[in-house]
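Residue numbers (the working numbering), protein chains in the order written: chain A, 1 to 387; chain B, 388 to 691.
Derived by calculation from the structure, the hints in this document are not laboratory data.
If you're wondering where the values come from, they're calculated on a predicted model, not measured in any experiment.
For each residue, glycine too, the CB sits at the ideal point set by N, CA and C.
Any given hint might turn out to be false.
[What the hints assert, rightly or not] Part of the chain B face toward chain A, derived, beta carbon under 10 Å:
no. : residue
1   : N395
2   : R517
3   : S535
4   : M536
5   : K540
6   : M565
7   : A569
8   : Y572
9   : P611
10  : D614
11  : Y616
12  : E651
13  : V655
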Amino acid sequence: MKKFARVFLALVCVLLFAAAAGAETIKIGFNIPLTGDIPKVGEESKFAGEMLKEDINSQGGLEVGGKKYMLEFIYEDNESKAESAVAAALKLIERDGVLAIVGPNSSKQAVPAGQVCDDNQTPMISPWSTNPDTTKDRPWVFRAAFLDPFQGPVAVDFAMEQFKAKTAAVLYALDNDYSKGLAEIFRDDFNAKNGAGAVKAFESYSSKDQDFSAQLTTILAAKPDFIFLPDNYNEVALIVKQAHDLGWKGPFMGADAWGNSELMALCGDDCKGQYFSTHYAAAGATGDTKVFIDRYKAKYGYEPADVAALTWDATRLVLQAIQNTGGLTGKERADRKAIRDAMAAIPEFPGITGNMKFDEQGDPIKCAVVVKISDQGEFVFTKSVCP
Amino acid sequence: MLASIIQNLFNAFQWGSFYSLIALGYTLVYGVLRLINFAHGDIFMVGAYIAFFIATAILGMAMSLPGWMVLAMVIPATMILTALVGVSLERIAYRPLRRKGAHRLYVVITALMCGLVLENGNLALLGASRKSFPELVDKVVYSIGDVSMTNLKIGVVLSAVLVFIFLQFIVTKTKIGMAMRAISYDKFAVPLMGIPIDTVIVFTFILGSSFAGLAGLLFALSYPILDPYMGAMVGWKAFIAAVVGGIGDIRGAFLGGFLLGFVEILVVAVFPSTYRDLIAFAILMVILCIKPTGMFGVAGTTKI
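Next up, chain B with everything else stripped away, as it sits in the complex (with noise of 0.2 Å):
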């Protein structure tokens, strides 16, 4: 029995790792710009594709290089193309209608299509069949008594937490942070103090959806099959996290995508399985309904 709860935080440690990463992504550009951004948990899927096909291509090439080497390769390569993808997305979709002075609402519309240009994109593009991904870590299982844990959950559960502590680091302690910070108290007065306000939404696009592509990696290693909408249900219950955590602020992010993946798994580890986002939501609006804008959150004027 204690076993098996200890073996459950484990899971949840795991599970909630990837919720935290993508709330993340939400929290940065929500800070930035409050532009809920519903293409991140598409981005994580293209991450997650773009690793799949790094890793196959630099497999293909050359055979004999061991599983960690390969990674090393991957990780940087899949963090760079993700977050061109992402500056991409800001760059077509979102830099137009905010120079045009739109509505937060129809950026947000605008967001939503993205996501879904994106899926069915990559439907049309490969086919709806599924992807397998390599394995390039061997996989080791680690047994104390009825308790698992394998190299990769471990290392799942670390990034999590180095990714959380460098982006503190980046928006509490550098100078760009304290610009992205400025732009969310005022973004019309900001360009004024002569901060480049483009290039730093840019830098904030960066960061989001290069952890996203991290993501992305890091869960196709866990669960090696990839398919166009894997990002889309991750997607929405990371965003949850974020506004439960409280949208904006990098600790609710973290916090929060560990709380929802420890409710998943505790729910479904005591009741069946359906009753896992009755339960689930159930808690957080609880949450919600206690304290409004979050754990860390702050009240906004106007939020969406």
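The shape of chain A in the complex, shown without the other chains (with noise of 0.2 Å):
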């Protein structure tokens, strides 16, 4: 017993000195769903933050103002729920004492955690966002991917043009706040350019629901040219099924929300042959995406969707603001403004979803692309669009 008790010992002075020695760190948090609804997004965010990490600290760290630090990520999981959200980005920041932190990536966390974030100071940067109230009038909070309001008139564009589409009608969950908002945005243009009404049949459901019939029973009575659904995959795959149980063998069309590796586990045959409007077409891309994609690949054995390479790009503006500071004092308050400072300047940063400019309100200005689901299964590049 004595004996086992001096080993400890011995150990934990060991783990002490190492944590000494490995003080010069840079802690970054993640504010990610790895449980809950969309547990796949929070996968592959994890996943990519690791692989940008190990590239890093294998290199001996990152080089700050001549100095290298080790980088530190933690992991925190919001179970993709919006008060979990706001306790995550809060333990992040008090108790991890985080310098940023990268997420959350739904809208529906992003947009509370945002607040939280602003409040207290520390520059938050959300990969997958496209809800406007993300980072409006919120100077701490930026993001890595495109608009609602830009990806609304897109699908609505697309839609007219590839489905010959005078009517419309939606399905949306209620209660997330990228779903509402994208649905709406998609309601008031789609009636502006076609007049009103041409928005059908605009329905809603709560996101814990499996039965959609009652939703879709009104909508296929409406006999729209298509439906369009800015739902999550998970979703997506219910909503489509029950759909051509009911009779519909019309298009559908969708959002990012539906670019995900497990959609087509989920949804099979049903969702092959639609479309949806996303951040970036992993089927035929060239350069540094391709290279990114193919490491993923290699590494995790599936190909990684739009929110993996929105998180890289995302981690790697942080991690270029932090090296633009030219140098971190080691005080949490004044290197998190500085942080913030830095990266607010960046004034283009090529990343392997597209090249972002970033306007005042700390939001990029880049390209969409609609991806055909083939019938193997991929997301095929159809069309870019760029403001």
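Put the complex together from the two separate chains, hints included.
Structure follows, in structure tokens:
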């Protein structure tokens, strides 16, 4: 027993030493959904973060003002809930003392978490959130994705051109900021372009619902040219199947929340041939984007969705901003302020999801793509739309 | 307009079938033990997962088997294994408490905890990733005008009706059914008459859990995305359906389930979906206010 205690003591000493020796670290928090409704989104964000961390730490760390720092990424699960995202953000800011936060991904969590980060003066960048409210009037909050006021019209224009659509129906999640915001933008834009009443049915559901038959019956009775689904991939799979069960044979148009590697596993044949707007197309990518996709695929065994690529870009943006500060003081508040200022000063950034220019709200101006789900279940590039 | 109404009635029949199947399990256990088995919704979830693993295992071994044959194997296997889970819960969690003569409140709390253990155990064991249930039935869509039905939906409604008739027969016409009813009247006198009370209780759990397993399988076929929390909300609502029907009564659970299904679907068909739970439960509350024991319930001295 005594011997065990001695060994244990020695171990503790070694660990303490190691911690002391590696004290020069930069902590970055990740506020991501590792469980809950969309766990794959969290997993891909985490894997992209891990890949970037290994790249930099294997080269001895990140060089800031002539000094090397090891990176430490803390992944906090927000369970895909708004209230947990707020708690996770506070935990990262107060307990872990991170210099910046990457995430949350969905607008449902990013909008409230953005408020927390802005109040606590900690830089936050959401990789995937497209709702304008996330960054609006919040100088400490940034994002790597385009906005819904841009994405909505992209979907409208594409559907009008591709399906020759004059009428549409929308089914969206009422308690999801992303889904609701995008649905309303789509409705207003479609009505403006096709005359009032062109959106024949505007139906909603709640996030935990599994049966959509009543809403779909109303939609089908209105006989629209196509159905717009700005919904998360897990719900999309159920909605598309149930619509087919009710006899719907027309097309669907989706948005960026469709773009997940699990979509085809859940939805299968029913989703083939449908279109959705997204941040990048994995099939047929070139340059740095292809390098990223190939490395991710080799390491984790499946093709990364847009959220992985956006997390990669968002985290690199944070690291770029840290380097641009020209040196860290070691004082949390001062460093956070320096990072925020450096981030706001980045004029243009070449990401793997496209070139980004930032406007005064901290939002990037970048292109969107529309992809088609092929018969092999791949997301094939169809069209690129730039602002 | 008429087509939409008929279509929504069909939708409501299918959705109500699930509430009915789950409510039957609640009501059986309550009828015998006066115990609200709050873990029942999660046993339903476990049933769906068991069906998933058996189905994928069979499909993995023999790809050439037609879907209906796989289904014919999956149904009994799922029901047996889910019944085992239910019986183990009774054995591990409820029986020791009953033996010690614990107040009914503690058993209900234990049931709640069992449900959470099942949910989070599943989350820890299998991860948060969704499972996609394989398509065992070749879906056929029958369309008459603007009204569509699938063979699967018809099967679900038929199953619910058959299960109800079967349970009603067991409880009212068989000897073991008589024993079950006797226990609910007086569980202290029944053992004195030489009726093995534990056997009857285990039988009750077998019945309730195996049909929860069947419901899980049918649910997974209809809504083929499984997640660890899928049983929680449906389970609670089915419990409420059972109470409105008059908990402890088989007919009550059956009709209560369909009633809730109808109200939910028809509310969504007319109003925005936000109002669904608001209006649905307001209607159920009114029913309970008028008849506090539920539609078929008899006034009991102590209910929880």
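Status of each hint after checking the structure:
For B:N395, the interface hint holds, the least distance from its beta-carbon to any beta-carbon of chain A being 5 Å, beneath 10 Å. Of the supplied interface hints, the one on B:R517 holds, with its beta-carbon coming within about 6 Å of a beta-carbon of chain A, less than 10 Å. Look at B:S535: its Cβ gets to within about 4 Å of chain A, closer than 10 Å, so that hint holds up. Given hint, B:M536 at the interface with chain A, holds; its Cβ is 9 Å from that chain's nearest Cβ, closer than 10 Å.
Interface restraint check: B:K540 against chain A, minimum CB-CB distance 7 Å, threshold 10 Å, status holds. Contact between B:M565 and chain A, as hinted, is not supported at the beta carbon level, the nearest pair being about 38 Å apart and thus beyond 10 Å. For B:A569, the suggested interface contact is broken, since its CB lies about 39 Å from the closest CB of chain A, more than 10 Å. Violation of the interface hint for B:Y572 is found here, the shortest Cβ-Cβ separation to chain A being roughly 38 Å, above the 10 Å cut-off.
Because the smallest distance between the Cβ of B:P611 and any Cβ of chain A comes to about 7 Å, under 10 Å, the interface hint for this residue holds. Because the beta carbon of B:D614 sits about 8 Å from the nearest beta carbon in chain A, less than 10 Å, this interface hint is met. Given the 10 Å rule on beta carbons, the hint for B:Y616 holds: about 8 Å separates it from the nearest Cβ of chain A. Because the beta carbon of B:E651 sits about 8 Å from the nearest beta carbon in chain A, less than 10 Å, this interface hint is met.
Satisfaction of the interface hint for B:V655 is found here, the shortest Cβ-Cβ separation to chain A being roughly 4 Å, below the 10 Å cut-off.
Hint compliance for this structure: hints 6, 7 and 8 are broken, all remaining hints hold.
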